[in-house]
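Student: Listed here are the chains, written in short residue letters.
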Amino acid sequence: MKSHTAYMTFNTEERREFVRITGDVQKAVDESGVGEGMVLVSAMHITAAVWVNDDEPGLHADALEWLDKVAPPSWKPPANDVARELLPDPGDYRHHAGGEDNGDAHFKNLLTHHQVILPITEGKLDLGPWQAVFYCEFDGRRKKRLVIKVLGE
Amino acid sequence: MKSHTAYMTFNTEERREFVRITGDVQKAVDESGVGEGMVLVSAMHITAAVWVNDDEPGLHADALEWLDKVAPPSWKPPANDVARELLPDPGDYRHHAGGEDNGDAHFKNLLTHHQVILPITEGKLDLGPWQAVFYCEFDGRRKKRLVIKVLGE
Amino acid sequence: MKSHTAYMTFNTEERREFVRITGDVQKAVDESGVGEGMVLVSAMHITAAVWVNDDEPGLHADALEWLDKVAPPSWKPPANDVARELLPDPGDYRHHAGGEDNGDAHFKNLLTHHQVILPITEGKLDLGPWQAVFYCEFDGRRKKRLVIKVLGE
Numbered sequence: 039m040k041s042h043t044a045y046m047t048f049n050t051e052e053r054r055e056f057v058r059i060t061g062d063v064q065k066a067v068d069e070s071g072v073g074e075g076m077v078l079v080s081a082m083h084i085t086a087a088v089w090v091n092d093d094e095p096g097l098h099a100d101a102l103e104w105l106d107k108v109a110p111p112s113w114k115p116p117a118n119d120v121a122r123e124l125l126p127d128p129g130d131y132r133h134h135a136g137g138e139d140n141g142d143a144h145f146k147n148l149l150t151h152h153q154v155i156l157p158i159t160e161g162k163l164d165l166g167p168w169q170a171v172f173y174c175e176f177d178g179r180r181k182k183r184l185v186i187k188v189l190g191e
Numbered sequence: 039m040k041s042h043t044a045y046m047t048f049n050t051e052e053r054r055e056f057v058r059i060t061g062d063v064q065k066a067v068d069e070s071g072v073g074e075g076m077v078l079v080s081a082m083h084i085t086a087a088v089w090v091n092d093d094e095p096g097l098h099a100d101a102l103e104w105l106d107k108v109a110p111p112s113w114k115p116p117a118n119d120v121a122r123e124l125l126p127d128p129g130d131y132r133h134h135a136g137g138e139d140n141g142d143a144h145f146k147n148l149l150t151h152h153q154v155i156l157p158i159t160e161g162k163l164d165l166g167p168w169q170a171v172f173y174c175e176f177d178g179r180r181k182k183r184l185v186i187k188v189l190g191e
Numbered sequence: 039m040k041s042h043t044a045y046m047t048f049n050t051e052e053r054r055e056f057v058r059i060t061g062d063v064q065k066a067v068d069e070s071g072v073g074e075g076m077v078l079v080s081a082m083h084i085t086a087a088v089w090v091n092d093d094e095p096g097l098h099a100d101a102l103e104w105l106d107k108v109a110p111p112s113w114k115p116p117a118n119d120v121a122r123e124l125l126p127d128p129g130d131y132r133h134h135a136g137g138e139d140n141g142d143a144h145f146k147n148l149l150t151h152h153q154v155i156l157p158i159t160e161g162k163l164d165l166g167p168w169q170a171v172f173y174c175e176f177d178g179r180r181k182k183r184l185v186i187k188v189l190g191e
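Protein chains in written order, with this note's numbering: chain A, 39 to 191; chain B, 39 to 191; chain C, 39 to 191.
Hints in this document: simulated from the structure, not taken from any laboratory. Treat each hint with caution, since some may be false.
No copy labels: a pair is met if it fits in one copy or bridges any two.
[Stated by the list, open to error] Derived EDC-like pairs (lysine to aspartate or glutamate); straight-line CA-CA distance at most 20 Å:
| id | residue 1 | residue 2 |
| --- | --- | --- |
| 1 | Lys40 | Glu74 |
| 2 | Lys65 | Glu103 |
| 3 | Lys40 | Glu160 |
| 4 | Lys181 | Glu160 |
| 5 | Lys40 | Glu191 |
| 6 | Lys114 | Glu51 |
Just so you know, these numbers come straight off a predicted model, no measurement behind them.
Required output: the full structure, derived from the provided sequences and hints.
Tutor: Printed below as a string of structure tokens:
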């Protein structure tokens with residue numbers, strides 16, 4: 039059995055960003071020498087996520103608008119009445135009592151999920167034609183880490 | 039270490055369908071000869087999902103109604119005011135600019151998650167009594183694939 | 039290759055509870071003798087979840103309030119208009135026709151996801167500084183099980 043561990047560090051310019059990392063994950067697989075196995079790609083923070091989806095900017099803008107309604111920030115006005123009602127009653131996250139303002143990012147992490155596991159077949163990520171891997175930053179502009187763990191033979 | 043890869047192809051009659059695949063996953067485990075390990079079950083498309091839940095038709099109908107409110111289609115009228123407000127403002131997904139109409143299916147994929155990983159113990163899927171595995175199609179009536187990857191000894 | 043399986047049983051006093059299990063997962067890793075690998079932590083029920091997030095009571099209260107709006111119970115009055123509209127139309131889950139009252143817990147399971155997989159590096163759970171592992175009970179006060187499967191070398 040072979041295993042290999044790689045870490046990535048992000049420090050996004052924007053508070054929220056989707057960063058394509060498919061090539062970085064494949065690189066870790068290459069380094070591992072694994073031909074048949076699995077690779078775990080997991081955010082090490084609780085306000086970020088990993089999403090496998092289409093590399094299409096319109097979709098990413100749609101996703102951010104939608105996530106801001108379903109898991110609304112309190113650091114900007116709610117997008118509409120639904121977002122307002124999905125905020126805590128009254129008005130702000132309990133989590134912010136300690137000075138944080140990223141409660142929404144915790145729920146975006148929950149919705150999007152903080153990790154994926156990708157199959158490796160003949161040394162390649164065994165993905166569908168439109169599947170790209172994204173690190174989804176919901177509370178950036180500071181150093182955040184992600185772990186890549188390859189397991190197989 | 040043993041590994042085994044199997045693929046399934048779906049071409050559902052309905053646009054949205056839940057297809058039970060527990061037996062197919064167990065069959066792939068049987069073929070692998072793995073007694074102790076894990077099996078990854080992962081949609082290769084970004085408008086489908088894999089869900090472990092109850093094989094109960096009422097629950098599936100509830101799930102589809104609920105998903106159509108939280109991640110609303112724009113190819114039919116919104117179910118109610120909440121669904122209308124969760125659509126992009128104004129009116130349609132940016133993702134549809136290229137002629138697509140499946141923006142909602144991408145978010146149903148995000149909510150439901152596109153994959154699960156099941157433990158294998160003594161050669162059997164180590165599931166609870168009510169846990170069945172479903173391929174969840176959100177944009178069907180065309181060929182879609184799923185990968186099953188078994189790893190263990 | 040080494041593998042190890044452990045089970046945990048919960049019987050929460052409250053209907054809904056978040057139970058920290060990071061130490062229990064590490065204990066299973068210790069028992070396995072695995073230095074490099076992965077550990078799957080998976081609820082064996084369809085009305086519970088496993089969440090990796092902050093061990094902060096305010097956040098957990100926020101999460102429960104939010105989950106009760108997005109995936110509303112019908113065993114208590116809806117929290118507000120959004121929760122009311124996200125309930126099935128009209129009024130109750132089809133799943134309850136058989137006498138159940140836990141439809142909302144199935145969707146909380148879907149949102150939160152019923153499992154995580156954690157990397158193991160040098161014998162330790164390779165988690166970020168704020169990542170703790172929680173069993174999330176959404177329909178408790180009865181015996182429920184969780185499986186921990188360790189794989190590696």
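Student: All hints, please: hold or fail.
Tutor: We went through each hint and held it up to the structure:
1. Lys40 to Glu74: Classified as both: same-chain Cα gap 10 Å, cross-chain 9 Å, threshold 20 Å.
2. Lys65 to Glu103: Neither. Shortest intra-copy (32 Å) and inter-copy (41 Å) distances fail the 20 Å Cα cut-off.
3. Lys40 to Glu160: The answer is both: 14 Å in one copy and 14 Å across copies each meet 20 Å.
4. Lys181 to Glu160: neither (34 Å within a copy, 24 Å between copies)
5. Lys40 to Glu191: both (5 Å within a copy, 8 Å between copies)
6. Lys114 to Glu51: For Lys114 and Glu51, only the intra-copy Cα distance (18 Å) is at most 20 Å; the inter-copy one is 38 Å.
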